[in-house]
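Q: Residue strings, one per chain:
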Amino acid sequence: MSLVVNLVLLVFLLVMALAVLKTRHLFAMAMLFGLYSLLVAGLFVVLDAPDVAFTEAAVGTGISTVLMLVTLASIKDGHELISTQKSRTAPLIICVLMGGLLIYGTHDIAELGDAQSAPHMQVAARYIEKGQEETGVPNLVTAVLASYRGFDTLGEVTVVLTAGIGVLMLLGSRKKLRIKEVSNGK
Amino acid sequence: MANDLILRVVTKWLSPIIILFALYVQFHGDYSPGGGFQAGVIFSSAILLYALTYGLDAALQLIPEYILRIGASLGVLIYGGVGVASMILGGNFLNYSVLGSTPVAGQHLGIIIIELGVGITVASVMVLLFFTFARRVAPE
Amino acid sequence: MIEYIIGHINYWLIVAIMMVGLYTLMSRSNLIKKLAGLSMFQTAVILFYVSLGKVTGGTVPIISEKYSLYSNPLPQVLMLTAIVVGVATTALGFALVIRIKEAYNSVEENEISAMDEKE
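Residue numbers (this note's numbering), protein chains in the order written: chain A, 1428 to 1613; chain B, 30 to 169; chain C, 5 to 123.
Isolated chain A (complex conformation) (with noise of 0.2 angstroms):
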């Protein structure tokens, strides 16, 4: 039964990708967007990963989308044109390619579900024994984050206050709009 509805909620992220792709209306497309995170969380509670889920619908839905247009609201320009220039044979290519070796990866990998493949013997099956015991917080995730993995968590703090000096060192100016004159020369 919940393969069923895996396969259904691939299909439908299948289908909203290659809408974002064709569509040419931009603020569509950001709501397209929008979709594909909520379709994603949806996934996630699927496959028995709440904390993820929550994250990627507030944070993809929620920030990514607003971001996107606010953007659009303030280039102005809301349709993208269709170049006549950039070849789309090379990259078409490249990426069947690329797909078919990723295919021909999978090969290897057991199938969705095995109790018994790689991932699940060593180091996570200690940290499914022991977290409780070692850390009193029931919930595994926030023990691996928190504690047993606290660097990994120290530095994407870091991350996210380094993404925010950069957007204020880009942006934090408050003179607005100086479009450069490019054609009378610089």
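Accuracy of the hints is not assured; some may be wrong.
As the list claims (entries may be wrong) - Okay, derived cross-link-like pairs now, SDA-like style, lysine to any residue, Cα gap no bigger than 25 angstroms in a straight line: (1) Lys-1503(A) <-> Met-1596(A); (2) Lys-41(B) <-> Ala-163(B); (3) Lys-1557(A) <-> Gly-61(C); (4) Lys-1503(A) <-> Arg-165(B).
In short, the hints are calculated from the structure, not lab data.
With the hints as your guide, set chains B and C onto chain A.
A: The following block gives chains B and C in isolation, referenced to the frame of chain A:
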């Protein structure tokens, strides 16, 4: 005009509920799905809803920008501070077992404090991003 | 044979979604569409990793007395970090697009490189 009124009333009712939910998710990260990142983003979405409905100037009066800049760095400082505190108390960097009377109590205390730091930084940075982008939108 | 296809079709569909995102990134010249394609590619890769951690018959990795088989918490933790780093990258990309628009008055990549070559 009628739509504007509905939006304002609903926002006034929903914003405190959203902030309460964000605090719930922050402090129940130990027992249910949740934690610092999710809580920070939910808190920032409450402020974003207020800014979208009432305008950027009203939101800037609610939370001035210098508080956001202080908050962003304060979260990382809390996180690093816990690490340094555990070094001062005798353990390694970010070894929470030395922070409390028993190792398990120390771990629990350390996890709660660093999740608080993460939540403060993520909320401040997300609101700061939105305010900085929204300043660049020219008035119609 | 049927078992093999049923077990692996999730991975193949996710690889197809990844390739659509990559094609959007490479073949379209509008900068905002490129960023949307990049973000879709990142999300599909994260979906792939989380689906590696699923255990049939297992449950959410929160310890309680009623359940004994849990899904793997380790890919979920790593992908939590990856999602947040992805949104940081996307935000910086949008800030750069706004500055490019202010400097060149266009967000199409071929117009921008034509303006650069003319000078």
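Q: Are the hints correct? Go through all of them and say.
A: Taking the hints in turn, this is what the structure says about them:
no., hint, result
1, Lys-1503(A) <-> Met-1596(A), "holds (22 angstroms)"
2, Lys-41(B) <-> Ala-163(B), "holds (21 angstroms)"
3, Lys-1557(A) <-> Gly-61(C), "holds (21 angstroms)"
4, Lys-1503(A) <-> Arg-165(B), "holds (11 angstroms)"
In this structure, every one of the numbered hints holds.
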